[in-house]
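> If you read the sequences in order, they're chains A and B.
To convert, count from 1 in the first sequence and add 132; that's the numbering used here.
To convert, count from 1 in the second sequence and add 1; that's the numbering used here.
These are calculated hints, taken from the structure and not from any lab test.
Backbone N, C-alpha and C fix where the C-beta goes; we use that ideal spot for every residue, glycine too.
Watch out, some of these pointers could steer you wrong.
Said to hold, decoys possible - Listed next, the stretches of chain A that the computed footprint assigns to chain B, with coverage defined by at least 3 CB atoms under 8 Å from CB atoms of chain B:
| # | stretch |
| --- | --- |
| 1 | 211-225 |
| 2 | 242-250 |
Said to hold, decoys possible - Each computed PhoX-like pair below joins lysine-lysine, with the alpha-carbon atoms no more than 25 Å apart:
| # | chain 1 | residue 1 | chain 2 | residue 2 |
| --- | --- | --- | --- | --- |
| 3 | A | K181 | A | K351 |
| 4 | B | K188 | B | K5 |
| 5 | B | K348 | A | K246 |
| 6 | A | K166 | A | K202 |
| 7 | A | K151 | A | K389 |
| 8 | A | K248 | B | K348 |
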Amino acid sequence: MIVGGCDVGSATGKAVVMKDGAILSYSIIPSTTKPEVTARTAMDQAIEKAGLSSIDDLDYIVGTGYGRLKVPFANENISEITCHARGAQWLCPSVRTVVDIGGQDCKVTSISDKGKVLEFVMNDRCAAGTGRFFEAMARVLDCGLEGLSSLSLNANHPASISSQCSVFAESEVVTLINEGVELPDIAAGLHNSVASRLSSMIGRVGLVPDVALTGGCAKNEGLVKALEDKLKLKVVRLAEDPQIVGAIGAALLAREKAPVPS
Amino acid sequence: METKLKSQVLQQFQEATRSLVNPELQKWKDQGGRVLGCYCSYIPEEVITAAGCVPFRMRGTGSTSTELADACVSLINCSFIRHSLDLGLRGEYSFLDGCAWVNSCDHVRRIYDHWKRKIDTPFVHLLSLPKKVTEPQVEWYREEISLFKDRLGFHLGVFISDERLWKAIRLHNETRQLQRQLYELRKRKDPPITGAETLAVMVAGTAMPRQEYNELLRELLDDLSRAEGHTDYRARIMLIGGILDDPRYIDVIEDQGGLVVTDSLCFGSRTMWRDVDENASDPVTALARYYIADRPSCPRMFGDHLRRSAFVKDMIRDFNVDGVIAERLVMCDNWTGEQFMLGEDLKETGFPYIRLDREYLLTGVGQLRTRVQAFLEMMGR
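Please put together the full structure from these sequences, using the hints given.
Here's what the structure looks like:
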């Protein structure tokens, strides 16, 4: 059975095509202003990469993410919380806590050994600790998103950044730059401040190892390291791109939900 | 959720939640009737009815911004306070002939101070509401209600006799009995009315002349007896929280398939689950006992958490509830503690429970939808 998962997020659209429980292909594209178009483009790319001819080759598709109601070709939609939990657990069965850091929100979900969601908390009221935050800070530091991560890994004395509000953090960063603080130390300071925010969210649902990071920001090794320091444990490195975990979960759920062929 | 109910009365109630002054209230005003605002469900409305006025529960309906109120209060005050005060400062509450407060919380308490100084309302009164729910506090509130009765009567030139009070108590009890009949229908496997529709019915009751409301409510119950029931839901939800007066909030929950079948809300079951004792010897004592000790309490009451928790658990059983959603206005300290403690109680039994933050005006529908959908999925629905 061939199934698809389509995760339309605030910053990127992701699509995964799976056949009989294995990933055939995936795609990641920047989100457009039309979620329908983002979904279609991401899905078409994944279908092409999988060597399939059209969307009709898929037996069942699940949509997820902020734009999940706007995936016209999806058979049903499932919240990103359930999808990330499912995806992370499939990639690493020992995961009990999933930290999803997306473009405009972050979520912490605790899951049972069967992959069932037990509890979740979300921050979607402000940009702190999201992809938007890192984009804004990378702009101030003029280093690009990748640069932010590599800079911070070379820090000697991480700066202390107390503000977790994106706007005020930006003013703090500008102050630090003008005081001549080394850029790697500022970058590391930013990651520490986000890590402490995440760790308090994790504290709300209860820290149960293993912990996995999903979402686009999980590719930021500087952030992963900062969180590991804060939690005093190793964060699981997933076998697939963490950005597509939600889409993988959607595809896995599509396989479960698809009507059994008669 | 699609309505199953073709009822003109229901539409009339729904219409009444969308503005402050509904046609029934306007008619009352046009006939020279008086209206008194109540800033909390702890105001003894029966006294206001006995004085010949219509008690009107204060809302922020129709407000779009809070810049006038923000000049008075701070951002650590809840958005209900800011929106309702803002309407007052804009003159939208000029139809009131008076307004009464209790010190429900520090936020509401401060609104009284601002209102008294800045908004021209002929009569304002603050009742001191005790913090506990035992006999000495019943006595305390009896004195407060008595003072309120005398002051209001003096202001209006009306003698509020015991006979008038008993008559008002019977009228308000009748409302409560009718509303409980409505809730009784929601226990069915196929409730004929949604949670959003029910909230509209409850809110309308706080904004209309009481006699007319009771008659309309009887008509609605008659309509409901012939209505088809809802069966296309994923889960039966109990909604818990404070000042929620916007049915559209519940619409978001129900659009995800979570049919709200019962509640513990300021505009919900807490105001009508029990009756005022009509056989007591003195009406003022009967009112004090009802508001302080008898009916399900608000979390602002100390030392009564166990009883509140038991009330929720009884509701869960009686209404066959699958999951509890607890909402609170951001900055509401009373509900913050309650949400946590209730969550601990329910977690012990493994019962599905989720806490949600809300602003008074319905914003962030997408985020609300995600949380509710994930909650239903978590329940395996």
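> Does each hint hold? Answer for all of them.
The hints, checked one at a time:
1. 211-225: Since three or more residues must qualify, the claim that chain B covers the stretch 211-225 of chain A holds, with 4 doing so at under 8 Å.
2. 242-250: holds (count 3)
3. A/K181 x A/K351: 22 Å, holds
4. B/K188 x B/K5: It holds: about 16 Å lies between the C-alpha atoms, which stays within 25 Å.
5. B/K348 x A/K246: 19 Å, holds
6. A/K166 x A/K202: 9 Å, holds
7. A/K151 x A/K389: Holds, at about 14 Å.
8. A/K248 x B/K348: OK: A/K248 and B/K348 at ~16 Å, within 25 Å.
Hint compliance for this structure: every hint is met.
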